[in-house]
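K.L.:
As a plain string of letters, each chain reads:
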Amino acid sequence: MEFLQQLINGLALGSIYALIALGYTMVYGVLRFINFAHSDVLMLGAFSAYYLAPAVARVLPLPSIGGALVVGLLACLICAGLGVLIERLAYRPLRSRPKLTVLITAIGVSLFIEYTGQHRAVFGADTKRFPELMPGTEFHLGSLIVGSNDLVVLVTTLLLLAGLWFIVHRTKVGTAMRAVSHNQQAAALMGVDINRIIAFTFALGSALAAVAGILYALKAPGIDPLMGVQPGLRAFIAAVLGGIGNLPGAALGGLVIGLLETFAGGISGLSNYRDGIAFAILILILLFRPAGLLGKVTVEKV
Amino acid sequence: MNVSQPLLSLRDLSVSYGTIKALHGVSLQVPEKAIVTLIGANGAGKSTTLRAISGLLKVQGGSVVYDGREITNELPHKIVGRHLCHVPEGRMVFSNLTVAENLRMGAYLRRDKGGIAEDVDYVYGIFPRLKERWAQQAGTLSGGEQQMLAISRALMSRPRCLMLDEPSLGIAPILVRAIFDQIVAINREKGITILLVEQNANLALAISHYGYVLETGRVILEDTAAALRQNPQVREAYLGE
Amino acid sequence: MFSRSPLSLPTACQGAKRWLIAAVLCSILLSFGQFNRYYLGVAMDVGINIILAVSLNLINGYTGQFSLGHAGFMAVGAYTAAKFSLVFAVAAPEPARPVLFLVALVLGGAVAALSGLAVGIPSLRLKGDYLAIVTLGFGEIIRVIVQNLEAVGAASGLKGIPKYTTLGWTFALASVTVYVVVSLVNSTYGRGFIAVKDDEVAASSMGINPVRYKVTAFVVGAFFAGIAGGLYAHHKQFLAPTGFDFLKSIDIVVMVILGGMGRTASVALAAVVLTLLPEVLRPVSEYRMILYALLIIGLMMARPQGLFAFGRRAVK
Amino acid sequence: MHMRGRILLLGGAIGLVAAALSGCGGTDSGAILIGEFASLTGKEATFGISSHQGTALAVEEINAAGGILGRPLELRTEDDQSKAGEPANVVNKLISRDGVVAVLGEVASSRSLEAAPVCQANKVPMISPASTNPKVTESGDYIFRVCFIDPFQGTVMANFASKTLRARKVAVFTDVKSDYSKGLAKFFKEGFVKAGGQICAELDFNGGDKDFKAQLTAIKAAAPDAVFVPGYYTDVAIICIQAKQLQLSVPFFGGDGWESEKLVEIGGAAMEGHYFSTHYAADNPTPRITAFVEAYKKRYAGKTPDAMAALGYDSVMFLADGIKRAGGTEASGLRQALAETKEFEGVTGKMAMNSQRDAVKAAVILQIKGGKFRYMATVAP
Amino acid sequence: MRKGIGMSAPSILSLREVTIRFGGLTAVSGLNLEIGESELVGLIGPNGAGKTTAFNLITGVYAPTEGEIRFAGRPVTAKRPHDLTKLGIARTFQNIRLFSSLTVFDNVRAATQLHRSHGVRMALWRGAAFAAAEAEVERGVMELLEIFDLGRVRDEIATSLPYGDQRRLEIVRALATQPKLLLLDEPAAGMNPTEKAELMRLIRFIKERFKISIMLVEHDMKVVMGICERIAVLEYGKKIGEGTPGEIRKDPKVIAAYLGTE
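For the record, the sequence lines run as chains X, V, S, G and F. All residue numbers for the first sequence refer to my numbering, where the first residue is 1 and numbers rise by one. All residue numbers for the second sequence refer to my numbering, where the first residue is 1 and numbers rise by one. All residue numbers for the third sequence refer to my numbering, where the first residue is 1 and numbers rise by one. All residue numbers for the fourth sequence refer to my numbering, where the first residue is 1 and numbers rise by one. All residue numbers for the fifth sequence refer to my numbering, where the first residue is 1 and numbers rise by one.
Treat the hints as calculated values from the structure; they're not laboratory data. From a predicted model like this one, the values you see are computed outputs, not experimental measurements. Beta carbons are placed, not taken as given, at the ideal position from N, Cα and C, and that holds for glycine.
These stretches of chain G come out as covered by chain S in the derived footprint (C-beta under 8 Å, 3 or more residues): (1) 76-83; (2) 95-102; (3) 106-113; (4) 117-129; (5) 132-146; (6) 167-181.
Take these sequences, add in the hints, and give me the full structure.
P.N.:
Shown next as structure tokens:
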């Protein structure tokens, strides 16, 4: 029973990591760099919802599913906009520069968002109570307990994965994304405006981060400007573990990390190493599969 | 439009890679509905010329005029929008996309669903192998099939002028034949202007109307294709005779 | 690197050693001065950061790998040296202490070098982002282990470390670090590091074993990070595992990049500036980190080759 | 660059540093300069800000009342960014450059431990408002604190668990990242086992984690009578919410890290019926506390002061008391006066300094009821 | 130069039935090739015929899927590039791969690794022996640079040189490893006729002066026909012809492969 309960816990946690990891991996897919600020967009998503909720509550009842959807949608829009803004201001000017330059810039952007958020004129450093967007209950299956929040997380993740799959595989813009990811020049020769596709990718990834941020905040309703750091790091590991740039890999990686952490966390004497376990597994896996679980090893052309 | 004006003309084009100058003032003309070929040894600047025209490379000097308008240093996707399409060297098919998706990418800028479907049928007609493999990932195709796909993909944008970079590269002779037959057919039936870059000089000159010979970033020779084929200088350049 | 005169090579070689001796003597003399403790403390931070940045530069700058785990090596050195001092040096007679301190530092460096070897091995198979995340992960694993290791105080930290670090020790060792990295790189042997960075395939076709150079860079870099850790431990007299998280590694990476990858003098200068900058910004402490973040972003836009990277070295 | 140039540059740098080193100490004007170091930014900013606000309020009140010995207090606050390595610098700066007569700080024991040797070496009294780790004052005779220490609090809670809660089996859920949490857990376990109880599960989390279900599921499987969570309120609130979701419905209890109005704000109904020990109860209707709470609310936009704020406030008052009794700010005299404090009445209660310079004072136990902290008992040492 | 083992063997390099596949693609299949001592051999073929892949097999960048490679009488199949360089194989690259942040002098100096007598310890001690050893290296490097007229640019960043000089420098760098066999990958690419003529002279000169075997992959027929003693022709990964320039020129299969059938 405990095993099954932990399985549920792990899936609920892992699916949030998966959502975040998808954002990392999508950006990596088109731009080949790790967007360190992604975890901060997650935080911004949660804060957007925090500030939106009272406004929405005036029009729609909260907590309610409809209200939660509206708040979530608006937060997604805000974060999509912010994601595009970050790309436009910080990353696009550096597009042709070495990857390292962009990576360091991304770290800079991440620190900037975190510390600006901590300033008392912005969000402030203290933890804020995240509003109850949805009515929550628990369901019992024998002695198993499944929280409605966990179900929401699982269902949302599944829906978003399906939606993302649809966008990427069944729409024109998604096809263009894959084309840009494979070869920017060839895509440009098809008439694809690379900048727009990259912006779209950032918008999409940031919207996913916003959803992840809200789900994370629903799970643990204390939010602060640094809340994105830990899940961001784990999701980042998940993305690399799955093979960065690979969408199913990110989802798989997220679930693997979520489950691993949960099972390790439930064992006395191992729970204190929880922070290191994800990394240890990652290193082990990379030693045997240097491009991650689902990544393909590319041969350098000489 | 002035009929005597070529569809595409380059004037004194120069391009550098860092400190290395790749093109030293290349000028050439491509008349509407003609097949013009650009031949020369590896590294002569043939591909560079095409890449400069299609906006993939920054031009440092000179100009590119297409359809009476200067398009020098325009962004690649804008140039495609003018129906000037480039099938790059090495084919560059999207190997992570299926054949059908590759074709859809070719029609990226188009909105006419009916017309797109028509054109898909057309390319499947000229390259039946693609139809057989429509759901396959392009990366699993053979080199020749990929070349067919690359040409078809470019056709999907309904080009007025098509630039082909080494369509015979690394392809079995039997497929080369089929591809070149279709290049001629495309030109005759659809009236598409073609600028062809080729190493296989005989093959290229056989189907072209006019040719330019490039050496180290300069045009060293230009003439009708028939004349070039007889030119001992060309034979020498290619066989060291 | 070398002046145009063909005779410069051997002359420069011998000159460097003289300068090292001078710098070390100078540092030792400094120890006898009476200074304001705050400035003294900051000066020691400067020296320690020079060691960290210059040693990371060997890995990231000269050999072209991307390590985000330097704080991990530093932690290994700091804890090893501190534990050694707490067990042996505290009980030893006064005159033996400098010797024991040196032993503690070298021991810390050596254990850090061993961990560098352990990280260097995955570096044989991984590149770029993957290597970066593995080194980052390594640093975090070290932190988690230390956090659970009761022998070194675990989360409570290790306290009561004797205050052996002086300005003299710090700058003498900083000079040694600069000397070693400069000497190593400025030799026929050392050109191999840069060759590996520029083009691994070409380097290996020239008979240079990239594996050996990469691992050497990690081992030497980690050794000095360990030394810096030891100095840090005996300077702050207290070690907490949280002090070695990945933000610390990022700080060091920023010094290297700010200075200009693969330029020892510039990187050392950047270490000085970036250590002093937060102190200067104290009056606006609320905005300090925001400014720091903006500085990183602005710098990458305006001078990606490094703030202090002057001269005609080609930038890749 | 020529190699000689590089080495020259290094030499130059050393010279520059040497030149810069010859700064000098603070002034001895009318105001009494006191230093404070706190985590105003970074991971633990929320605690640092609370304690700083209490500290600042106390200084303002003293100055409004005419200062000490006729001299106003001047507070110099430095931010240590919640970062290890910073406190030593910051305190060095306060002492050597600003010339403060005493140093107040920090909330986190690890950072107090880093600053303590600096204060000791400079012979400047340091008063930690809320570092409960016993090691802090071991650094030397100039180091004081106005809070009780972990062994005391641990024992109080062990007795509470076995006597009041009548728990036989208790699970302990510790924040491994926090020295405070680990210390408190250790002393609790010792005390509880001595009292005849059994620790049925020991699990750990990392401060800042947001998902505790894995550990809570394991704790639930061990079927404890109660769960001891020595952690900070930011984590505790979420732990209790997730425990409630898992229907782990036994009492949770913890230490002073719980104390903040945010605990109930975030945890909501999930906090109902849980207990914690702390330094003071804001709802305690003594005039002293009421006055403090009101002044604080007025000064800081209606915020109820938490324990950190109260302790920050008391650290200033304790220092002021010492200065008054010493009749000046001369270091050894002040140290002496502080060490000899027999009875000091702060908002966090009466305290005396023991030989270890730790405050000997009572702890209060509060229960959360109806979204409020309800005073349950005072446990004297 | 170190003495090789089995120098008595008639050929310095031999490939037996060497095959390599990448995924489904057979880039080189069943290749047999011999290169004699002090021989100058050309490897030609249309683009994509597998010439560069063959080069990469010989220099250890790729390991063959099947077959055996012997160098100086010993099997070297799947040895790593730097080990092969140690044995005496050096190369240049199709797309110039100089060390971009090093000067001309240092590019060549870096390639003397195998033959330096001093290492880390001396570099750190910087004693008289080190100075002497470095002076020796410098003398060697400068001698090479002067031979190829690059001494005047010794302190320029290598990648800032004109194209022709970069090509030449790459050859000099390869020679600094003191090879027995030098592999040149399209050395004439991007050169004008004058530069090509110069290059041909240079290759002949290297062969005479350093008494080594040279193998070159080249597109330019004039260059290949002009200097090679023997030529092997590849098409689709297979050898379709081999012989003297005269023989190759007349081989109908080769003509078809090059000019294409009409």
